[in-house]
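Q: So the sequence lines, in the order shown, correspond to chains A and B. Those letters in the first sequence? Residues 377 to 679, per the working numbering, in order. Those letters in the second sequence? Residues 44 to 584, per the working numbering, in order.
A portion of the hints provided could be inaccurate.
Each computed DMTMM-like pair below joins lysine to aspartate or glutamate, with the alpha-carbon atoms no more than 20 Å apart [as the list claims (entries may be wrong)]:
(1) A:Lys619 x B:Asp221
(2) A:Lys619 x B:Asp217
(3) A:Lys613 x B:Asp169
(4) B:Lys327 x B:Glu313
(5) B:Lys140 x B:Asp169
These stretches of chain B come out as covered by chain A in the derived footprint (C-beta under 8 Å, 3 or more residues) [to be verified]:
(6) 240-246
(7) 365-377
Simulated DEER-style distance windows between Cβ atoms [to be verified]:
(8) A:Arg460 x B:Glu317: 51 to 57 Å
(9) B:Ser465 x A:Ala404: 37 to 43 Å
(10) A:Ala591 x B:Asn361: 35 to 41 Å
(11) B:Ala161 x A:Ser514: 45 to 51 Å
(12) A:Arg460 x B:Gly386: 42 to 48 Å
(13) B:Gly229 x A:Arg594: 39 to 45 Å
Source of the hints: derived by calculation from the structure; they are not laboratory data. Just so it is clear, CB atoms sit at the ideal spot from N, CA and C, and this is done for glycine as well.
Residues per chain, in single letters:
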Amino acid sequence: MAAPPIPLTVIGGFLGAGKTTLVNHLLANATKRYGVLVNDFGAINIDAALIAAQDGASIALTNGCVCCSLGEDLGDGLAMLARRDPPPEHVIVEASGVSDPWRIAQLALIETGFTLEPLIVLVDGVGFLDQLADRWVSDTVARQLTFAELVIITKADLTADLGPIRREIARLRPEARVIEAVGGALDPAVLHFAPPPREKPSRFAAEAVHDFPTASWRPSGPLDRIRLRAALEALPKSVLRLKGFCQIGPEGEWYLLQYAAERWAFTRVDGPQAAGFVLIGTPGMPDTAPLFAATQLAAEAPR
Amino acid sequence: MSAIRVFVARRVITMNASTPFCTHVAVKDGRILGYGSAADVAEFGPAELDTRFADKIIMPGFIEGHGHAVEGMMWRQPYVGFYDRTAPDGTPAPGLKSIEEVVARLQAHERTLTDPAAPVVAWGFDPIFFGGRRMSVADLDRVSSTRMVLVGHVSGHIQNANSRVLEACGFSRDSNIDGLLRDTAGNLTGELQGPAVMGRASRATGDNGLMRVQDVDALMDYGRVASRVGVTTSTDLANALSEDNAASLRAATDRADFPLRLVPAMRAREYTLEAGLARIAELKRQSTAKLHFGIVKLVADGSIQGFTARLRWPGYHNGAPNGLWYIAPAEFEGIVTAYHKAGHQLHIHTNGDEASELATEMVGRAIVAHPRADHRHTLQHCQMADAAIFKRMANFGMCVNLFANHIWYWGEQHRALTMGPSRAERLDACASALAAGVPLAIHSDVPVTPVAPLFTAWCAANRLTSTGRVLGEAERITVPQALYAITLGAAYTLKMDHLIGSIDVGKYADFAVLDEDPYTVPTAALKDVKVHATVLGGAVF
C-alpha cells in the first residue's frame with residue numbers, strides 16, 4: 377500500500393503581499409511537519425533557537441519542519457522533500473512575487489505523491505489598489521488572481537475600508553473565496569479545502585473559508601478515453617478539483633486523474649484501485665454525475 | 044629590461060583617433076609601447092622585427108561584450124543547428140538542413156555511446172526554416188526507443204523530447220498541462236515550452252542546462268572558440284561567481300595558453316543584497332590581467348521570441364500575452380539603487396521595450412538620488428528601444444549593447460510574429476542609439492548565436508535577415524561604426540577602454556590579425572573576412 381498523498385498548497389501573490397511573513401509564521405508555530413519550498417530563501421527568518429540544522433539551501437527546524445529553496449524544477453524540490461525520513465505531512469510552495477502561481481500549481485498534477493490543496497493568492501490590503509493602477513505591474517497582479525481559489529487579504533487591520541478591494545477581487549476572480557488576515561497569523565486550516573475534523577472553530581472564520589462543497593461519482597466500469605476528455609473540457613469553472621482512479625479503454629488500464637482549474641493529468645498506475653472521482657468546487661458547482669455517466673464505455677455514445 | 048617586439052602589418056587599424064592607421068606596433072611587457080611607421084618605432088630602441096603578419100591587417104582584438112563561456116560546455120553534446128558552426132578544436136559542424144539530417148546526426152551520436160543508460164542530449168536545434176515541419180516524438184524515437192533523447196532549441200526556450208523522456212516526466216497524451224504541444228489529432232508532439240516543463244525534462248535526463256559549474260577544460264574550449272574569430276576579451280555575462288566557479292575562472296585564465304581576457308558578470312540574484320555587495324567587492328580585489336571582476340548582471344524580463352519579454356502597447360504582434368517580470372519593479376529599483384550607490388556597474392538584461400523603459404527609469408531614479416558620474420550602467424539586448432528610450436538613456440549616461448545578430452537569426456520571426464512590420468524595422472536600432480548619443484556595443488550572446496564579432500558587425504551594417512530582406516535600412520550603421528562597436532565601443536561598456544579596445548600606448552597588446560582589410564572590402568563581405576590569428580599580451584595564438 378503506497379503512502380497516502382501529501383497535501384500540497386501553493387501560495388502566490390505580488391511582492392510585499394506577505395507570503396514570507398505567512399511562511400515564517402507557519403514554520404514557527406507548526407503543529408505538524410511542514411516541508412516548505414520558498415522562492416526567496418534569504419528572506420526566511422527563523423528564530424535561531426528553532427533551527428536544528430542549516431546549509432546554503434535548506435533549514436531543518438527542531439519542530440520537524442524543513443524549509444528549502446525552490447529551484448528550477450518543482451518536481452525536483454518535491455522529490456527531495458518526499459525522500460525525507462519522515463516525509464513532511466504537508467508541503468507548502470511559495471511562488472515568486474512576480475510569477476504566475478497557477479503555472480507552478482498545475483505541475484503538481486503530474487506528481488502522484490501529492491494532492492493539490494487550494495491555490496492561495498495573497499493580496500496586499502494596503503498596496504493592492506495602487507498595484508492594479510500601476511502601469512508596470514497591474515497585469516501581473518491581475519494574472520496572479522486568475523485561478524486563485526482562496527484569496528487572503530493581508531494587513532486587513534491597516535485598511536479602513538476593504539470594500540473596494542473585495543470588489544476588485546470579485547471582478548477578477550468571482551470563483552475565489554476571500555478572507556482577511558492580520559500580520560502573518562492564519563489558521564493553518566485554510567491550507568486545506570476540507571477542514572480537519574478534529575479542529576475547533578477558528579477565530580478566523582474558517583467556516584467561511586471552507587465553503588467548498590464536495591461531490592463524488594463512482595463509475596461502474598471502464599471509461600471511454602475520448603468522451604472523458606470531452607467531459608473534462610466541458611467542466612464548468614465552478615469545479616476546482618477532481619481527483620480519483622479510473623479504468624480507461626476496453627483493456628481497463630488504471631489511471632490516476634488529477635484535475636485543477638481547466639488543467640489535468642492522467643498518470644498510469646497499477647490496479648486494481650477503488651474507482652471513483654471526488655470533486656471540490658465553489659457553491660455554484662452543478663451536479664456533474666450525468667456528464668461523467670456518459671463517459672462510461674457501457675453507456676451509449678452521445679449523438 | 045625585456046625585449047621590444049615590433050609587429051609589422053600591411054595596415055594597422057588602431058581605432059585610436061590620433062593615429063587611425065599605421066604599419067608598425069611596438070610591444071613590450073605585453074603592452075603597446077608605440078606605433079607608427081618603421082622609422083617612428085625605431086626610436087624606441089633595438090627591437091625584434093616580427094614580419095609574420097607583414098601581408099595582414101592588424102586591428103585591436105575584438106571584444107564580445109555579451110557572451111557566455113558555457114559555449115565551451117555545449118560542445119560536449121552534439122550540435123544539431125541549422126547554421127554552420129565550428130567546434131572548439133576547429134572541426135566544422137555543418138548546419139543540418141532537414142529533420143532527417145538532424146535525426147541522422149543524433150543516430151550517429153547514439154551509436155558512439157557505450158553506457159546503455161546514457162541519454163542523448165543535443166543543442167542548437169532551430170526548425171524555423173523547415174517549411175513549417177516541426178520535429179515529432181516519432182522522429183526522436185527513431186534515434187532511440189530505450190534511451191532518453193532531448194534536443195534543445197537554439198533560442199533556449201523550447202525542447203523536443205522522445206517518448207522515454209515524456210514517460211519519465213509523466214507527460215502523457217491525455218494530460219492537459221501548459222507547455223506540452225500537441226498536433227491536430229491531440230497527440231503530444233514532444234515539443235516542450237517554458238521553464239516549468241523544460242526544467243522537468245532536463246532533470247529527467249540529468250542535464251541541468253546553463254547553470255552548471257564550468258570546469259577549466261570547458262573554459263579552455265570557450266577560449267578556443269572565441270579566439271578563432273578574433274576575440275581577445277569576452278564577458279561571461281551571467282555567472283553565479285560562487286567560490287568554485289571563481290576558482291575555475293582563475294585556474295583557466297592563469298594558464299599561459301588561455302587565449303582570452305575574461306570579464307565575468309556576477310548574477311546579483313544569486314545573493315541577498317548585503318551578500319552580493321560584499322561578494323562583488325571581494326571579487327574585485329581578485330582581478331588579474333586576464334580576469335576582470337566588477338560588473339553585475341541583472342535580468343528584467345525574458346526573451347522576445349520566447350514571448351517572455353515585457354512589451355509596451357500594443358504587445359505581441361500575434362496576440363500572445365505579455366511576459367512576466369523577472370523581478371518586481373520595486374525590488375528591481377532597490378537592487379539597482381544599492382549597487383549604484385556602492386559604486387558598481389550594472390549590466391541589465393532588457394529585451395522588450397517595456398523592460399528597457401523600466402530599467403532606464405530605475406537607473407534614472409538611482410542617479411537622481413545618488414548622483415554619480417561615469418557609472419556606465421549598460422542595457423544588454425535592449426532590442427526594441429525607440430528613440431525616446433535611447434535619448435533618456437543618453438541623458439542618464441547609460442550605455443547599450445544591442446543584439447545585432449538577432450536581425451539575421453530571428454528578424455523574419457520578429458517581423459511575422461513578435462513585433463510586426465513597423466517595430467521590427469527598429470529591432471536592435473544601432474543608428475538610433477548612436478544618433479541619441481548612447482555609447483554602443485553589439486553582441487552575439489554566444490551560445491544563443493555563434494560568437495563572431497565580424498559577423499555581428501556585418502549584421503549591424505547590412506541588417507539582412509536570413510531570407511535576404513533588409514530589415515530597417517535606416518538603422519544600418521557604417522562599417523567603421525560597426526568595427527568601433529566590437530572594439531573600443533564594447534571596451535567602454537565594460538569600463539576597460541583604458542586597457543583594451545584600441546591600439547594605443549600603455550594598453551594590452553591584444554590584436555586581431557585579419558587576411559583582408561575590413562575598411563576596403565564591400566560592406567556585404569565584412570562577415571567573410573578571415574581571422575588569421577590573435578595576439579594576447581604580445582603572444583601569438
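Q: Which numbered hints are broken by the structure, listed smallest first?
A: 3, 8, 9, 13
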